[in-house]
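Turn these sequences into a full structure, and let the hints steer you where they fit.
Number of protein chains: 2
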Amino acid sequence: MAVYTEISDSQLAEFLQGYNIGTVVSCKGIAEGVENSNFLLFTDKGPFILTLYEKRVEARDLPFFLSLMEHLATEGVPCPTPIHSIDGEVLRSLCDKPAAITSFLSGVSPQTPNLTHCENVGTALANLHLKGHTFKEYRKNSLSKEGWNKLFLQVGNRADEIETGLSKLIQTEISYLKRFWPAELPHGVIHADLFPDNVFFEGNKLTGLIDFYFACNDFLAYDLAICINAWCFEKDFSFNEYKARTMLRAYYRKRKMNQTELNALPILVRGAALRFLATRLYDWLNIVDGALVKPKDPIEYVNKLRFHQSIKSENIYTIQ
Amino acid sequence: MAVYTEISDSQLAEFLQGYNIGTVVSCKGIAEGVENSNFLLFTDKGPFILTLYEKRVEARDLPFFLSLMEHLATEGVPCPTPIHSIDGEVLRSLCDKPAAITSFLSGVSPQTPNLTHCENVGTALANLHLKGHTFKEYRKNSLSKEGWNKLFLQVGNRADEIETGLSKLIQTEISYLKRFWPAELPHGVIHADLFPDNVFFEGNKLTGLIDFYFACNDFLAYDLAICINAWCFEKDFSFNEYKARTMLRAYYRKRKMNQTELNALPILVRGAALRFLATRLYDWLNIVDGALVKPKDPIEYVNKLRFHQSIKSENIYTIQ
Chain A
238 MAVYTEISDS QLAEFLQGYN IGTVVSCKGI AEGVENSNFL LFTDKGPFIL
288 TLYEKRVEAR DLPFFLSLME HLATEGVPCP TPIHSIDGEV LRSLCDKPAA
338 ITSFLSGVSP QTPNLTHCEN VGTALANLHL KGHTFKEYRK NSLSKEGWNK
388 LFLQVGNRAD EIETGLSKLI QTEISYLKRF WPAELPHGVI HADLFPDNVF
438 FEGNKLTGLI DFYFACNDFL AYDLAICINA WCFEKDFSFN EYKARTMLRA
488 YYRKRKMNQT ELNALPILVR GAALRFLATR LYDWLNIVDG ALVKPKDPIE
538 YVNKLRFHQS IKSENIYTIQ
Chain B
238 MAVYTEISDS QLAEFLQGYN IGTVVSCKGI AEGVENSNFL LFTDKGPFIL
288 TLYEKRVEAR DLPFFLSLME HLATEGVPCP TPIHSIDGEV LRSLCDKPAA
338 ITSFLSGVSP QTPNLTHCEN VGTALANLHL KGHTFKEYRK NSLSKEGWNK
388 LFLQVGNRAD EIETGLSKLI QTEISYLKRF WPAELPHGVI HADLFPDNVF
438 FEGNKLTGLI DFYFACNDFL AYDLAICINA WCFEKDFSFN EYKARTMLRA
488 YYRKRKMNQT ELNALPILVR GAALRFLATR LYDWLNIVDG ALVKPKDPIE
538 YVNKLRFHQS IKSENIYTIQ
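Residue numbers (my numbering), protein chains in the order written: chain A, 238 to 557; chain B, 238 to 557.
Hints listed in this document are in silico derivations from the structure and should not be mistaken for laboratory results. Keep in mind that a hint or two might mislead.
You can't tell identical chains apart in this list, so a pair holds if it fits in one copy or across any two.
[Unchecked claim] Heads up, simulated DSS-like pairs for lysine-lysine below, C-alpha to C-alpha not over 30 Å straight-line:
| # | residue 1 | residue 2 |
| --- | --- | --- |
| 1 | Lys282 | Lys387 |
| 2 | Lys472 | Lys334 |
| 3 | Lys292 | Lys387 |
| 4 | Lys442 | Lys549 |
| 5 | Lys472 | Lys292 |
| 6 | Lys405 | Lys493 |
| 7 | Lys415 | Lys334 |
| 8 | Lys373 | Lys491 |
| 9 | Lys493 | Lys282 |
What follows is the structure in structure tokens.
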């Protein structure tokens, strides 16, 4: 939960004069989003989301994220679409910070995803990948192979503060992944952070995909691996194969993966586990003063990684 | 800003089955309110506010607050009105905490109140006092005379950690106030915390009074004194007599104060300053681990108190 910047009523009124979306009726800071300050803004024309980008998001990446959201929304993906100002801009400035207004999406995030949620996420992710195919901009995935190394170098042996032996586990895993990581797979723009927090449902109907601030270009199947980790483990860390298979099948029905992609899933889920272990570990060990958000426990992803490592003989991440 | 409790989608859906207000469309924790967790809840019937009462509010006082809001809303005061469950209750339980749903009010709080805001607050406060006249329940003001003493006893000499000599200043002031505090003035139910944060406007039109969780029975003019302190000082701590006179006149037009009340204003504003100095000092010196809210600087109210003390000869808190 986070609202790092307070906006005054007069600053807001002035800011809204730059748009054709009516006058402010209400504006509430919302306790969502770790990286930015988000406000639920009502004008006499309806609800919108106002986002102020705090320093953790690179300002130079914002045009990519906003263009992508606009592209996908235009293509029918249920994601926030940036509202253009009268001058035609989507990225403006408020309280000396980059700011954007996007459309409001209804729905709530599932706390305990069920099978239908997993199925619908699989379908929505495949659709996102297909619709992203015609998006022309490019952003490198800074949290892929080289990124893990960099993050773990910053953490160093301090991983052992969380659990004895964790540094060694990570180093061994990085070596393994570097050796066996696929050289080439079908790639394109991916969400890269499609956790349950970032998906809205009304009942079982998927109504929104949000938070595109990690979106980048990478293997499409890697995005699916991130979702398997995020959606298909139970609260006790046990892997729910049934959920994973349902998600994979739903994805596959919408976008046929080739055999190389299917074969790569066991290593992709390990890479995806390591990526979130890396950032959670870093955040856990580097809590900043005045942080409004409690970092997430890295142990969850240690457990997920260990589970995937334990699967030696057969591919359980399967559509069969 | 604060959301202390996370509500899951299934807990929420189950909770809403107890009401006739439709099904959940969206629910966002909002970064407002120091004492409670507040959520902006949309159902297919519109927006509502869902509040979970955290431990800082006495559970035994909640029926008083909710009855009062219902009474005032029925009488036309623009304040949240509690929504009754199918069973007829306004106070229920969610996530093992007392919880209530109230109506949603539009408007935004003014960051820099202007003269018209002050005028409209004066009118609205008088109206609240008039409409509260027929409210039959009673709650003692625990933050009046005896309450200050108790709070300052808990703080002790630590006030000097904030500013040298502050303990002495406070002790002297308490003695003074005890000696000259009015024995009797027209009394009734008061809001007792009507700061700009708790008043909504659309432009200059007052659209809402919220946060009745300090409401109690006390001198009506004391409520006005709280508002003078909260609304009529500029950011540089200078007192804006023009704003105060405008607020007082607006109040007076709606509810004629008697001469004793008018004469008491100089001491009531000192008492009101001391009351907020007391709680801010206590919060400042007792920051709890895991607090999501930065306490407000007590120095603001030291300055206000000093200003009021400096007015010796004439009553500047006047309708003339």
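Evaluated hints:
1. Lys282 <-> Lys387: Neither, since 46 Å and 50 Å both go past 30 Å.
2. Lys472 <-> Lys334: Classified as between; 23 Å across copies, 38 Å inside a copy.
3. Lys292 <-> Lys387: within (20 Å within a copy, 44 Å between copies)
4. Lys442 <-> Lys549: Answer is neither; intra-copy 36 Å and inter-copy 68 Å both fail.
5. Lys472 <-> Lys292: So Lys472 and Lys292 pass the 30 Å test across copies only (28 Å; inside, 32 Å).
6. Lys405 <-> Lys493: So Lys405 and Lys493 fail the 30 Å test inside a copy (38 Å) and across (78 Å) alike.
7. Lys415 <-> Lys334: neither (38 Å within a copy, 49 Å between copies)
8. Lys373 <-> Lys491: The answer is within: 22 Å in one copy meets 30 Å, while 64 Å across copies does not.
9. Lys493 <-> Lys282: neither (41 Å within a copy, 41 Å between copies)
When the structure is compared with the earlier hints, violations turn up for hints 1, 4, 6, 7, 9 and for no others.
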